[in-house]
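With the hints as your guide, set chain B onto chain D.
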Amino acid sequence: MSVTVRIPTPLRRLTGGADEVQVEAKTVAEAIDALEAKHPGIKERICDEQGEIRRFVNIYVNDEDVRFLEGKDTPVKDGDEISIVPAIAGGAA
Amino acid sequence: MEINFTEEQLERYSRHIILPEVGPEGQAKLLSSRVLIVGAGGLGSPTAMYLAAAGVGTIGIIDADCVDLSNLQRQIAHGQDRLGMPKAESAKKTIANLNPDVKVIAYNERLTSENAREIIREYDLVLDGSDNFPTRFLVNDACFFEKKPLVSAAMFRFEGQLATFKPHEDADGPCYRCLYPEPPPAGLVPSCSEAGILGALAGAVGTMQAVEALKELLGIGESLSGWLMTFDALRMEWRKLRLRKDPHCPLCSDKATIHELVEYEQPACTWQA
Numbered sequence: 001m002s003v004t005v006r007i008p009t010p011l012r013r014l015t016g017g018a019d020e021v022q023v024e025a026k027t028v029a030e031a032i033d034a035l036e037a038k039h040p041g042i043k044e045r046i047c048d049e050q051g052e053i054r055r056f057v058n059i060y061v062n063d064e065d066v067r068f069l070e071g072k073d074t075p076v077k078d079g080d081e082i083s084i085v086p087a088i089a090g091g092a093a
Numbered sequence: 001m002e003i004n005f006t007e008e009q010l011e012r013y014s015r016h017i018i019l020p021e022v023g024p025e026g027q028a029k030l031l032s033s034r035v036l037i038v039g040a041g042g043l044g045s046p047t048a049m050y051l052a053a054a055g056v057g058t059i060g061i062i063d064a065d066c067v068d069l070s071n072l073q074r075q076i077a078h079g080q081d082r083l084g085m086p087k088a089e090s091a092k093k094t095i096a097n098l099n100p101d102v103k104v105i106a107y108n109e110r111l112t113s114e115n116a117r118e119i120i121r122e123y124d125l126v127l128d129g130s131d132n133f134p135t136r137f138l139v140n141d142a143c144f145f146e147k148k149p150l151v152s153a154a155m156f157r158f159e160g161q162l163a164t165f166k167p168h169e170d171a172d173g174p175c176y177r178c179l180y181p182e183p184p185p186a187g188l189v190p191s192c193s194e195a196g197i198l199g200a201l202a203g204a205v206g207t208m209q210a211v212e213a214l215k216e217l218l219g220i221g222e223s224l225s226g227w228l229m230t231f232d233a234l235r236m237e238w239r240k241l242r243l244r245k246d247p248h249c250p251l252c253s254d255k256a257t258i259h260e261l262v263e264y265e266q267p268a269c270t271w272q273a
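Those protein sequences? They're chains D and B, same order as listed. Per this note's numbering, the first sequence starts with residue 1, numbered consecutively. Per this note's numbering, the second sequence starts with residue 1, numbered consecutively.
Treat the hints as calculated values from the structure; they're not laboratory data. All values derive from a computational prediction rather than experimental measurement. Incorrect hints may have been included.
[Stated by the list, open to error] When the alpha-carbon atoms are kept at most 20 Å apart in a straight line, the in silico EDC-like pairs for lysine to aspartate or glutamate are as follows:
(1) K38/D with E24/D
(2) K215/B with D232/B
(3) K43/D with D33/D
(4) K240/B with E81/D
(5) K103/B with E8/B
(6) K26/D with D63/D
(7) K245/B with E265/B
(8) K245/B with D63/D
(9) K147/B with E122/B
(10) K29/B with D124/B
(11) K147/B with D254/B
(12) K29/B with D254/B
(13) K72/D with D48/D
(14) K240/B with E20/D
(15) K147/B with E260/B
(16) K38/D with E64/D
(17) K240/B with E64/D
(18) K245/B with E70/D
(19) K29/B with D68/B
(20) K240/B with D19/D
(21) K72/D with E49/D
(22) K93/B with E114/B
(23) K245/B with E64/D
(24) K38/D with D48/D
(25) K147/B with D101/B
(26) K240/B with D63/D
(27) K240/B with D33/D
[To be verified] Partial chain D-side listing against chain B, Cβ under 10 Å, derived:
(28) T9
(29) I53
(30) F56
(31) V57
(32) Y60
(33) D63
(34) R67
(35) F68
(36) K72
(37) P75
(38) K77
(39) G90
All residues carry an ideal CB built from backbone N, CA and C; glycine is no exception.
In isolation and in its complexed conformation, chain B is listed as follows:
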C-alpha cells in the first residue's frame, strides 16, 4: 500500500501511527475505509465522532429524525444550535469540525427494504445504533445479503448489548437472527423512547461499539463475533455471553427461509413495565 500522509495527518494521527498494531498501514487503511452508521442518536453520536476523529475516511449517516431538545441529554453530536436540523446533517457538521479528512454522506431518510441493500453495498462495515426492532432486522438482513460485517449495539435504561455479526466470513459466526429470530410482538419488550435511558450509558456503549468497529477495520485483536457483550450500569458490570450460530436460523443457516428483505411494522409503544 502506498502511503502519502501530509504533515498535518502525520501529526493528527501520531498517537495511532505510533501503535505497532496500527502503524502507518493501519492508519492508511482507516482513511480508505467506508463505514455506515444507522441512527445519529445516542449511539450514533459517539460512534460517528470517534470514527471521524480516528480518520475513517468515509462515514455515511442515516437518520430520518430532526434534533429535538429531549435528545441533547445524551446525543452529544448535536447541540442547542442544531434544534430542528436533520440529525444526519447535524452530525455531518460536528464531524466536519472534528476532522476535515472525513467525507460524510448524510442520508436524511429512513432505511427501508427499498434502499437498504443499495446503501449498505457502498460501505465496508455497518454500525447499527437504531431505536427500533424493524430497522435492526432490516440492517441485519441487508448486511447478510451484501456480505458486510455488522457491529450492533442497543440499550435500555441502564443496560447495553453489543455484538459483531459476520456470518459471511466465519462459518460458525452468528447473525442477529441467531440471537433473536424475529421481532418481539408489541408490548412484550421495550423498544419505545418513553422507557428512559441514563444519558451517559449511550456514551459507554457507543464508545465500545466504536472500539470494536476500529478493530474490525484494522483487522486486529479478537473479534466480538460469537459473543454477546452486555453492560449493566447499575452493577457497573460488563459480561461476555456465548453467542452461537443457530443451525435453524431463518436467515443465515442452510435451512434459511428468508431470501429477501422483510419490512416489519413498527409496533405502537404499549410497553408499560
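Extracted from the complex, chain D is given alone in its bound form:
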C-alpha cells in the first residue's frame, strides 16, 4: 500500500526539507519504520525507546487521531495520508 506521510516543519530537517514522503506500508507502525529506513533518525523523534508513539506527538490517518483507532497498529490503505502533529508552543516571544 502506498501512503503519503506528511512531515511537520520541526522534522523536515530530517527529510532533507521534504514536506511529504511516500512509503509502502500496511499499518502506521510499518509506515514509521519505512520512513526511518528512508530518513534515519526520524523514528526516535516520533516514538519512544519502546517503539510507542510519544505523547507529545499525535499521528493522524487522514483526519482521525490513531489513538482513537488502533494506535500504531491502525491499518492504512492505498492513498491514505498519515500526518505527524507534534506539540508546538511558540506565540509570544
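The following block gives chain B in isolation, referenced to the frame of chain D:
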C-alpha cells in the same frame, strides 16, 4: 438586553450591527465581554488589536516581557517608540488609540500557579498566545478549573495550530491535555525563540484566533471545539483534524489525577533540528 449605543458607537460598529448574525444585540454582547489574552507578542498583537477594534469591552493582557527590537518583525501592536516598554503596557497604548470604548487591564507579570486562577476568574474567555509549554499547561488547567472557554494558538517557523477547549460546556469536548497530556521533555520539541518564525504567520494564525474568539463570544457558527486546525504556510494549506476527548485525560476525564495547578519548569533551549 437594554441597548444604549451612542451615535459614535452606531457608526463605529455599523459593519457589525448590519450583520444579521451580530446585530445590535451581538455588538452589545461584545461590549460587555471580558477577554484575557496571555502573551502580548506575535499572536497577542493581532488578537488584542482585532478584539479591541471589534469592541470587546474589557481586555486583559498579561506578559512579563518588554518590547525588544527583534520583536518588531512580527509583533505589530508594538513599534519603534515602545522599545523597552512592558509589552502589556505597549499593547494597552495601541488599543487606546484603536478604540476608546475598550478598557484594558495590563498585567506586567508572568502567569503563575499563584495568580492564574484568580486572574482568569475575572474573564469570560481566554486566548493563549504564550511562547512556552509550562504556561500553556497552566492556562489550560486554570481555564478548566474556572470553567472558562479557551482559544489556544501556537506557531513554529511556517506552521500554526489552533484549537478551542471548553470541556466544562461540552461533555465530549477535549482540553489541551487530551491533545498533549504533559509537556515534552527539553530538547525533543521546539519551544524556544531561537527557532525562528515567518513574521506574517503570526498575523495569519492570530487573526484566525481572533475570529474564533469573536464567534465564541457571540455564540454564532460552529465552534472549533473538537478540532485541531493546522496551517502550513509553505503549502498554503489549512487543515482540520479531529480532536477527541481522551477518556484517560489526567485533567478533564473521570480518571483525572490532576486536581490543582501544576507549575512545570521551563526547560532550557536545547532544541537543535
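- Task: Find the hints from earlier in the document that the structure breaks and name them by number, from lowest to highest.
- Result: Violated: hints 2, 7, 12, 16, 19, 22, 25, 27, 29, 36, 37, 38.
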